[in-house]
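Student: Sequence:
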Amino acid sequence: MDLAQRIDRIEAEAAIRRLVAAYCFTIDDRDLPAIAALFAADARVASEDGVMEARGIDAIMAQYHRRFAVLGPGAHYMHDVLIDVDDADPDRATGRVSGHAELWRCDRMMVAALRYRDVYVRTPAGWRFGERVIGFLYYVDAADYPGILGHRDRNRAYDTPLPADFPEALPGWAAPAEGAAHG
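Sequential numbering from 1 applies to the sequence shown in UniProt numbering.
If you're looking for bench data, these hints aren't it; they were derived computationally from the structure.
Don't take every hint at face value.
Unchecked claim - So the derived label-pair ranges between C-beta atoms look like this:
1) Glu11 / Ala174: 23 to 31 Å
2) Thr123 / Ile7: 13 to 21 Å
3) Ala62 / Phe25: 30 to 38 Å
4) Phe25 / Arg117: 15 to 23 Å
5) Thr123 / Ala4: 15 to 23 Å
6) Thr94 / Gly172: 18 to 26 Å
7) Ala41 / Asp141: 36 to 44 Å
8) Asp141 / Ile7: 44 to 52 Å
Quick reminder that beta carbons are idealized off the backbone N, C-alpha and C, glycines included.
All chains, please: the whole structure from these sequences, using the hints.
Tutor: And the structure:
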């Protein structure tokens, strides 16, 4: 990799980190034009639990309108951002992002720990989300937070609790380690 390629990679990673940060602020601010501008025209937004699934800007924005209908004020925070620029295609990158959110949902205070699996694409307008898939370690009423990791049904955003998306579904969790306890 020559110097120009290395600089391009560093600039790509910086731009993608800004994209991830912009997502948090635009979602919390409900800045609909800015949210739409974060995504490539053919982008996909989905959730591991299957509740969210949208492809294309119009479908993605319709999905956010539905989500905002049940959400009050909230704050999204991203923590760790792991970006891998594609060696074969420097206009494409993948990423994993961890974070948490504090939300008012359906008239109750909720907290969530989450991860995003992302695909980023460089467009003429800059780096955009090509795909964003969210998964939850937990999504619970704040009153249920203490002790929640002792339960498998930690996605309680909906009327019927769902299993958490991770870590139990990950390959390393397929068989418990000897002597390890869960719950």
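Student: Against each hint, give a clear statement of whether it holds in the structure.
Tutor: To see whether the hints hold, each was checked on the structure:
In this structure the supplied range 23 to 31 Å is violated for Glu11 paired with Ala174, their Cβ-Cβ distance being about 39 Å. A C-beta distance of roughly 20 Å is found between Thr123 and Ile7, which places it inside the suggested range of 13 to 21 Å. For the pair Ala62 and Phe25, the supplied restraint of 30 to 38 Å is violated, since their beta-carbon distance comes to about 21 Å. For Phe25 paired with Arg117, a C-beta distance near 21 Å keeps the hint of 15 to 23 Å intact.
Range check, Thr123 to Ala4: about 21 Å between beta-carbon atoms, so the 15 to 23 Å window is met. The given range of 18 to 26 Å is respected by Thr94 and Gly172, whose C-beta atoms sit roughly 19 Å from each other. For Ala41 and Asp141, the Cβ-Cβ distance of about 37 Å falls inside the hinted range of 36 to 44 Å, so the restraint holds. For the pair Asp141 and Ile7, the supplied restraint of 44 to 52 Å holds, since their beta-carbon distance comes to about 47 Å.
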